[in-house]
Amino acid sequence: MTDHELMWRIAGGSGDGIASTSQNFAKALMRAGLHVFTHRHYPSRIRGGHTYTEVRADSEPVRSRGDGYNCLLALGDSFARNPKEGAYYGDEEVKPLAENLDELNEGGVIVYDTGLLDADDIPDFEERVEENDWHVYPLNLREIARDHGREVMRNTAGVGATAALLGIDLQYFEELMAESMPEDILEPNKEILHYTHDMVTEEFEFTHDLRVPEGTHDEEQVLLSGSDTIAYGAIDEGCRFIAGYPMTPWTEVFTIMSQALPEVGGISEQVEDEIAAAALALGASHAGVKAMSGSSGGGFALMSEPLGLAEMSETPVVLVEAMRAGPSTGLPTKPEQADLEHVLYTSQGDSNRVVLAPGTVAEAYEQSRLAFQLAYGYNIPAILLYDQKIGGELMNVPASHFDREPNPELGAVTTEAELEEAPHGPGGKFYRYRYDAEDGVSPRSIPGQKGGHFLVTGNEHNQAGHIDEDPTNRVTQVERRASKLDAIREFLDDQGTQTHMGPEEADYGLITFGSQQGTVAEAVDRLNDAGHSVKGIGVSDMMPYPVEEMTEFLESVDEALVVEMNSSGQFRGLTQKELGRFGEKLSSLLKYNGEPFEPAEIVAGFEASIEGQDVPEQQTTYVPAAGD
Amino acid sequence: MSAFSAIGEEREIDREEFTPTLEPQATWCPGCGDFGVLKALKQAMPEIGRNPDEVLLVTGIGCSGKLNSYFECYGYHSIHGRSLPIARAAKLANPELEVIAAGGDGDGYGIGGNHFMHTARENHDMTYIVFDNEIFGLTKGQTSPTSPKGHKSKTQPHGSAKDPIRPLSLALTSGASYVARTAAVNPNQAKEILVEAMQHDGFAHVDFLTQCPTWNKDARQYVPYIDINDSEDYEHDPTDKAAAQEMASEAERGLYEGEVLTGRFYVDSDRPSYSEEKQAIGEMPEEPLAERYFDDDYEWERTHDMLLDRHK
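First to last, the protein sequences are chains A and B. Its first residue numbered 11, the first sequence is counted upward by one per residue in the working numbering. Its first residue numbered 2, the second sequence is counted upward by one per residue in the working numbering.
Source of the hints: derived by calculation from the structure; they are not laboratory data. Quick caveat: nothing in here was measured; it's all calculated off a predicted structure. Honestly, I wouldn't trust all of these hints.
Here are the computed lysine-lysine pairs in the DSSO-like style, where the Cα-Cα straight-line distance is at most 27 Å [unchecked claim]:
id, chain 1, residue 1, chain 2, residue 2
1, B, Lys40, A, Lys460
2, A, Lys200, B, Lys313
3, B, Lys141, B, Lys153
4, A, Lys460, B, Lys192
Between the sequences and the hints, there should be enough to build the whole structure, so can you do that?
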């Protein structure tokens with residue numbers, strides 16, 4: 011973090027183009043040589059309501075949303091209806107301005123559209139501006155857009171205005187517009203962009219000192235979301251079949267795959283429900299194709315039945331679970347990490363599955379590939395567990411990160427030549443589930459292969475797949491299936507999939523999993539800068555759990571704080587269950603208000619925890635270690 | 002050489018090839034109608050000339066789900082009601098496979114009813130055999146979706162207040178391009194219908210009347226049955242959809258009054274299968290996807306070359 015980082019927030023109503031405008035803004039800054047990171051906030055409705063996106067930009071790599079923000083572009087919500095006083099959804103009209111003031115940092119810049127927003131409707135606006143030393147630039151963006159094009163182009167006027175105030179070169183926006191807009195829309199947009207920029211430069215005296223930082227990239231960058239990288243990892247790993255049912259936020263991966271797969275000769279199926287979706291993925295995989303499905307919490311609940319079948323039948327498949335706040339439909343568009351236990355233990359019987367939780371947008375690409383390698387290499391279902399935050403945030407990643415070879419290997423399968431030599435049962439069936447399988451992995455045959463027919467069943471079965479309730483067979487098969495997880499643990503240990511942060515030796519530890527990794531990394535650096543002795547670890551392997559690595563980590567520190575977005579400390583619970591000790595060393599910092607952590611909240615929570623004080627007043631919860 | 006050389010291998014197929022040399026221990030009751038399905042399917046299979054290794058038989062759960070234990074081919078004994086989504090994806094992954102799904106009336110018309118409707122409307126090129134005995138068998142005799150109104154069981158002690166499902170009408174309305182009903186007591190007709198169903202290029206639904214001598218003692222053995230295509234009283238033309246709907250309604254109403262109408266209710270040979278539709282709009286490759294993973298010369302595309310530009 012530098013002193014001059016930009017944290018720009020565009021706010022308005024859903025359906026007013028906030029997402030696309032912020033995406034272009036982030037891309038423009040990336041092209042200008044900066045590192046960028048976006049944070050999305052949107053309600054579960056199609057049009058209107060309060061929505062915003064933050065773009066944080068810095069010359070140094072950016073790992074989180076940051077603390078608050080320092081520049082607001084408040085557009086009017088064109089779908090706000092004048093609600094009666096005391097109406098359920100509140101005073102919609104001024105929301106894009108009023109709702110964002112709490113997080114605006116001292117000395118911040120405000121640009122708002124006087125064409126649709128009236129600051130006089132916010133009771134204490136003037137006082138707050140003065141108190142916080144905010145610099146306000148009221149502009150009739152609606153009128154400018156209407157005069158030079160169409161009213162809907164208010165976004166472009168707003169971008170032109172903030173570009174002038176922050177000193178951003180317009181060429182980046184022009185290029186992006188030219189790439190995405192047809193001629194008849196491009197021209198008025200360009201005119202509005204320049205008109206607003208020039209007008210602001212000429213007519214306003216700039217009282218603020220915030221300017222866009224300068225930066226350069228050593229190599230070409232791309233701007234991607236976690237949903238993009240999960241999809242691209244799957245495609246590069248040879249996945250050519252997806253089946254799904256729409257549900258936020260999983261829909262993003264489903265959409266990207268559905269558009270990309272026909273281009274590479276793959277198949278996407280939108281089906282009647284999530285049970286069918288997961289079952290289709292099993293069917294395609296059984297017939298010899300790399301396949302995936304997925305959903306979010308409620309939809310994933312329906313998949314628990316086919317997931318169990320995949321475990322018992324050892325049919326490889328990758329499922330993605332995009333967490334949002336629950337229970338039930340919860341907060342449909344807000345992030346939470348409370349489906350961890352659901353994903354680990356759903357479905358009847360002992361769990362034989364892989365669960366991976368990527369920590370960053372870039373990591374989601376590797377983990378997506380890894381999920382396929384493990385699923386198909388070990389004939390086991392693998393689940394990629396992420397959340398709305400990682401799925402929707404955009405980050406710049408070097409393009410070379412994706413310059414990898416595709417991997418079409420189908421994993422643990424037989425060839426027809428091998429089938430000729432392989433043992434078969436007395437009825438003629440191939441021994442698909444061999445007792446003597448190395449690492450527990452018994453290769454499968456694919457329907458259509460000569461000499462390969464066998465029976466798949468969700469019942470306990472013998473080597474040929476026949477239903478078999480013999481106790482000795484039962485024990486052998488249970489132990490063989492479980493032993494695959496040991497082999498996978500060994501494989502993952504060699505890969506080094508956990509992310510270590512801060513110094514090697516430290517007194518205290520910060521532990522997290524999944525999407526909070528970047529924010530925790532930032533907090534670790536800040537704490538060390540402030541004189542604390544702290545290291546951190548971002549864990550991505552949920553099952554099998556990295557027992558050795560975590561034992562070493564916890565033995566090396568006096569205390570550790572587990573940071574996660576849920577109210578029950580699920581990851582802390584998993585850690586204690588897997589390690590069987592350290593209860594006295596582990597405390598929790600939890601957040602479950604529908605927003606991801608900000609680094610300052612983690613810093614404050616940590617300082618309070620080591621000093622034995624209450625966490626300062628904020629929307630996080632501190633839970634002390636056992637025995638405290 | 003193809004990675005799937007069992008597919009399309011031309012030779013005389015012996016009925017015995019589909020019969021396990023080691024008979025599994027029977028889990029069906031003596032006199033069960035399921036034996037009739039098994040017998041008919043074993044007779045039908047050699048007639049369509051498919052090798053055991055190119056057939057995928059996907060079943061649900063229940064007595065009917067055990068069909069593939071008695072049958073030598075690729076088998077997938079899946080979960081209650083879910084045979085269709087598994088089967089149709091396997092067909093999409095490798096359209097050259099002979100894919101058959103099978104299950105019971107509870108499995109197929111109850112818990113799997115949603116999948117039945119959607120698989121029929123998509124018109125996947127596959128055969129779906131529903132063992133219809135009007136009862137839940139393996140869970141010991143509860144009322145099923147096709148049990149008659151007023152049927153008493155331990156879970157419906159006062160007699161069912163529900164009208165039964167009308168499977169033939171449901172299949173027709175949903176879009177199945179081949180709809181037939183046959184009965185275990187007539188293996189010859191059953192065999193002929195199964196051969197036709199498997200050869201049909203589209204979703205072929207066969208409602209297979211099977212008696213349950215253990216839990217549905219009151220139920221008829223579905224005799225005397227009448228073949229609507231041969232009978233002088235009906236002479237039903239299965240290519241006429243409106244007539245098919247009327248005939249299906251009549252058969253479904255009459256069944257509970259002792260009139261067992263069987264035969265081909267609807268046959269639409271012109272409707273393209275789902276794979277053909279999907280290929281026509283460019284959402285499915287012409288060659289089987291599954292083959293690609295065994296083709297060393299296939300050039301796999303990667304996102305770096307094809308998708309990254311839009312993110313720069």
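Notebook entry, point to check: Of the hints given before, which are not true for this structure?
Noted result: Hints that this structure does not satisfy do not exist here, as all of them hold.
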